[in-house]
Amino acid sequence: MIEIKIKKHLTGQDTEFELNIDIHIKDKEFITLFGKSGAGKTTILRILAGLTPVDYGFIKVKEKIWLDTERNINLPPQKRNIGFVFQDYALFPNMTVEENIKFAMDKQNQEFLDSILETMQLKHLKHQKPDKLSGGQKQKVAIARAIARKPDILLLDEPLSALDLDTRLKFQEEIKKIHKEFQLTTILVSHDFSEIFKLSDRVFVLSNGKIIKSGKPEDVFIQEKLSGKVKLTGQIIKIEKEDIVYVISVLIGNNIIKVVAVEEEIKDLNVGDNVIIATKAFNPFIIKM
Amino acid sequence: MNKLKGFISKVSTSGNISIVEVNIQSEKIFSIIIGNKEEFLKIGNEVYVLFKETEVSIAKDFKGEISLQNRLNCKILKINKGKLLTEIIMQWKNEKIKSIITTKSAERLSLREGDNITAFIKTNEVSLMEI
Numbered sequence: 001m002i003e004i005k006i007k008k009h010l011t012g013q014d015t016e017f018e019l020n021i022d023i024h025i026k027d028k029e030f031i032t033l034f035g036k037s038g039a040g041k042t043t044i045l046r047i048l049a050g051l052t053p054v055d056y057g058f059i060k061v062k063e064k065i066w067l068d069t070e071r072n073i074n075l076p077p078q079k080r081n082i083g084f085v086f087q088d089y090a091l092f093p094n095m096t097v098e099e100n101i102k103f104a105m106d107k108q109n110q111e112f113l114d115s116i117l118e119t120m121q122l123k124h125l126k127h128q129k130p131d132k133l134s135g136g137q138k139q140k141v142a143i144a145r146a147i148a149r150k151p152d153i154l155l156l157d158e159p160l161s162a163l164d165l166d167t168r169l170k171f172q173e174e175i176k177k178i179h180k181e182f183q184l185t186t187i188l189v190s191h192d193f194s195e196i197f198k199l200s201d202r203v204f205v206l207s208n209g210k211i212i213k214s215g216k217p218e219d220v221f222i223q224e225k226l227s228g229k230v231k232l233t234g235q236i237i238k239i240e241k242e243d244i245v246y247v248i249s250v251l252i253g254n255n256i257i258k259v260v261a262v263e264e265e266i267k268d269l270n271v272g273d274n275v276i277i278a279t280k281a282f283n284p285f286i287i288k289m
Numbered sequence: 001m002n003k004l005k006g007f008i009s010k011v012s013t014s015g016n017i018s019i020v021e022v023n024i025q026s027e028k029i030f031s032i033i034i035g036n037k038e039e040f041l042k043i044g045n046e047v048y049v050l051f052k053e054t055e056v057s058i059a060k061d062f063k064g065e066i067s068l069q070n071r072l073n074c075k076i077l078k079i080n081k082g083k084l085l086t087e088i089i090m091q092w093k094n095e096k097i098k099s100i101i102t103t104k105s106a107e108r109l110s111l112r113e114g115d116n117i118t119a120f121i122k123t124n125e126v127s128l129m130e131i
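Line order of the protein sequences matches chains A and B.
Heads up: the first sequence at position 46 corresponds to 46 in the numbering used here, and the numbers run straight through without jumps.
Heads up: the second sequence at position 49 corresponds to 49 in the numbering used here, and the numbers run straight through without jumps.
For reference, chain B alone in the conformation it holds in the complex (with noise of 0.2 angstroms):
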C-alpha cells in the first residue's frame, strides 16, 4: 500500500459522491469517496492518501490523452523482477512510490532503473485516511 501524507484543499461533492482534492508537495491527487460525513474530510486538515502498488499504472514517453486524473512524474529506482509480476520502485517529489504490473509490460516498456516515467492511478483507487 502506498501511503503519501497531504493536506485536503477542495472537497467538490453531488449528493452521496465527493471528490475531494489533496495537496502533496504541491501537487495535486484526487479521490473519489462515497458518503462525505466523516469528519476529517474537511479542506486544510492532514490526510494520508492510500493506493495499492497494483493500481499504479506506469507510462513512458507518454503522448495524447487520457482520463486519468491522477498522473505523477516520477524516476525509477529500483526494479524487482517475478516470474509474472515486477515491482517498481520510483521517487516522486520527496516519496517512494511502489508500483507492481505485469513482467510482460515491464519487459514491453524496456524499464531501467533511472528512467523518467509517468506513473497513473484512478480516482477511484486512491482511499483517504485521518492521521
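Isolated chain A (complex conformation) (with noise of 0.2 angstroms):
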C-alpha cells in the first residue's frame, strides 16, 4: 500500500494554484494520472521521487515513510526506491545497453540483469551503444533500466509521447506485460486514451491540482449517458471523403473499424481525435469463429 498526501503552492505560467491530493494505491496496482499539461502530473512524479520539495507531505510505501513534513523527515531521492522514466530516454551514450542497465543495480546481480534482457528482447542489443538504437528501443532500455533497480514504485512520465503509433502499440504491451511479470507498482501520466484503457487499474483525472475524479477507465471516461449498448473507444486514423459521405477509420485496441459519417459531424473531428462508437444492441450481428 502507498499513501500520498500532497500540499503544494503551485504557480504556473497564468495560473496559480494548489497541488492538494490524497490518494492510496494498492500493491501491483497500474495507476494512471491523466489531465491537461499544467494541471500538476508530473510534479506529483517528481515529489514521489524527492525531486521537488512540497508544502505539506505525507508519503508512505510499503510501510517505510518517505516523507512526512511533520515529523520531518524526508528521505533523498537516492534512498527512495523508485524507478523514473521520462519522456526523452537519458541514457549513458558512453556504455553499451547492458551496462546502461547495470548502472542502475545495487548489487550485481547477472542473473536478474538476465531476466530483464530476456523478457524486454534487448538480449540481442546489449552490446551496443545508445546511438546505434531506435527511439523505441531507447526507451526500451530506460525502461529497463528503471525495473533493474527493482522498484518499489515504478513512474512512467509520457513514455510512450516521442514514438510512431505502430512503436507505440506494441510498447504499450511490452509495458503490461512488465508491470505483471515484475509485479510492478506503477504510475503512468498519459493523455492517450488506447494506452489508459489498455494499461490501467484506476485513473486520476487531475484539474488545477485536484483529483476531479477516479476509478476504471471506462467508468471515468466513458460516461455520456447512451442508451446503445454497443460502446467502444478509439483514435481517429483517417477520414475520407466518399461519394456524399465520409468514411471515418476509427483504430480500437488493434483493429481498424470503419464508420460512415455525414458532412456536419466530421467538422470537428481530427484525426488522432479519441471517440465514442456507439451503436444498439440490436444491430450488431454475431457470428462464431
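No lab work stands behind these hints: they were computed from the structure.
For every residue, glycine included, the Cβ atom is placed at its ideal position computed from N, Cα and C.
Any given hint could be a false lead.
[Unchecked claim] The following label-pair restraints were derived from C-beta to C-beta distances:
| id | chain 1 | residue 1 | chain 2 | residue 2 | range |
| --- | --- | --- | --- | --- | --- |
| 1 | B | Glu39 | A | Leu251 | 27 to 37 angstroms |
| 2 | B | Thr54 | A | Gly215 | 27 to 37 angstroms |
| 3 | B | Ile89 | A | Arg46 | 53 to 63 angstroms |
Work from the hints to combine the two standalone chains into their complex.
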C-alpha cells in the first residue's frame, strides 16, 4: 500500500493553484494520472521521487515513511526506491545497453539482469551503444534500467509520447507484460486513451491540482449517457470523403473500424481525436468463429 | 446523426427490454432499448433522440400498411445528389431531419425540393441520450 498526501502551492504561467491530493494505491496496481498540461501530474511524480519539495506532505510506501513534513522526515531521492522513466530516454551515451542497465542496480545480479534483457527482448542489443538504437529501443533500455532497481514504484512520465503509433501500440503490450511479470506498482502520466484503457487499473483525473474524478477508465471516461449498449473507444486515424459521405477509420485496440458520417459530423473531428463509437444492441451481427 | 429534443412520455418494459415514447412537439417517436436502469430514462425527463441519416427511409404518396411506427410527415428542403448516395434535408415541425438513401431510389421516387414525403425510422434504430 502506498499513501500519498501532498499540498503544494504552484504557480504556472498565468495561473496559481494549490496541488492538493490524498490518494492510496494498492500493491501491484497500475495507476494513470490524466489531465491537461499544467494540472500538476509531473509535479506529483517529482515529489514522489524526492526531486521537488512540498509545503505539506506525507508519503508512506510499503510501511516505510519517505516523507512526513510534520515529523521532519524527507528521504533523499537515492534512498527512495523508485524507477523513473521520462519522455526523453536519458541514457549514458558512452555505455552499452547492458552497462546502462547494470549501472542502475544496487548490487550485481547477473541472473536478474539476464531476465530483464530476456523479457524485454534486448539480449541481442546488449553490447550496442545508445546512438545505434531506435527511439523505441532506447526507451526500452530506459524502462529496463528503471526496473533493474527493483523499484517499489515505477514512475512513467509520458514514456511513449515521442514514439510513432506502431511502436507505441507494441510498447503498450510490453509495459503491460513487464508490470505483471515484475509485479510492479506503476504510476503513469498519459494523455493517450488507448494507452489508459489498455494499461490502467485506475485512473485519476487531475485538474488545477485536484483529483476531480477517479475509477476504472471505462467508468471515468465513457460517461456519456447513451442508451446504446455497444460502445467502443478509439482514435481516429483517417477521414476520407466517399461520394456525399465520409468514411472515418477508427483504431480500437489493434483493429480498425470504419464508420460512415455526414459532413456536419466531421466538422469538429480530426485525425488523432479520441472518440466513442456507439450502436444499438439490436444492430450488430454475432457469428461464431 | 439526427438529434432531436423531446420529453419521455411513456416507458413500457418487459424484462430487460423497454419501449420508450418521446414527445417531440406533440408527436411521438418510439425507441426500443435494452436495459432500463439508466436514471435519465424516466417519464417527464428531457432527452435527445438520435438516429443515423442512413436509417431514415422515405415514402412518397404512401398508401397501405407498414410495420414502422416512427413516421414523420416532412417537406423536402434540399437534395444533394451523389453518384451512389443522395442526401435529403427535410423540415419536420421545427426541426431539420436528414436522410441518406441511394441515388437510384431518389430517382425512382423522383424526389424534388418542396415535395411532401413521409420519413420512416425503425424503432430499433432510435437511441436516447441524456441532456
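Hints, verified against the model:
no.: 1; hint: B:Glu39 with A:Leu251: 27 to 37 angstroms; verdict: holds (32 angstroms)
no.: 2; hint: B:Thr54 with A:Gly215: 27 to 37 angstroms; verdict: holds (35 angstroms)
no.: 3; hint: B:Ile89 with A:Arg46: 53 to 63 angstroms; verdict: holds (55 angstroms)
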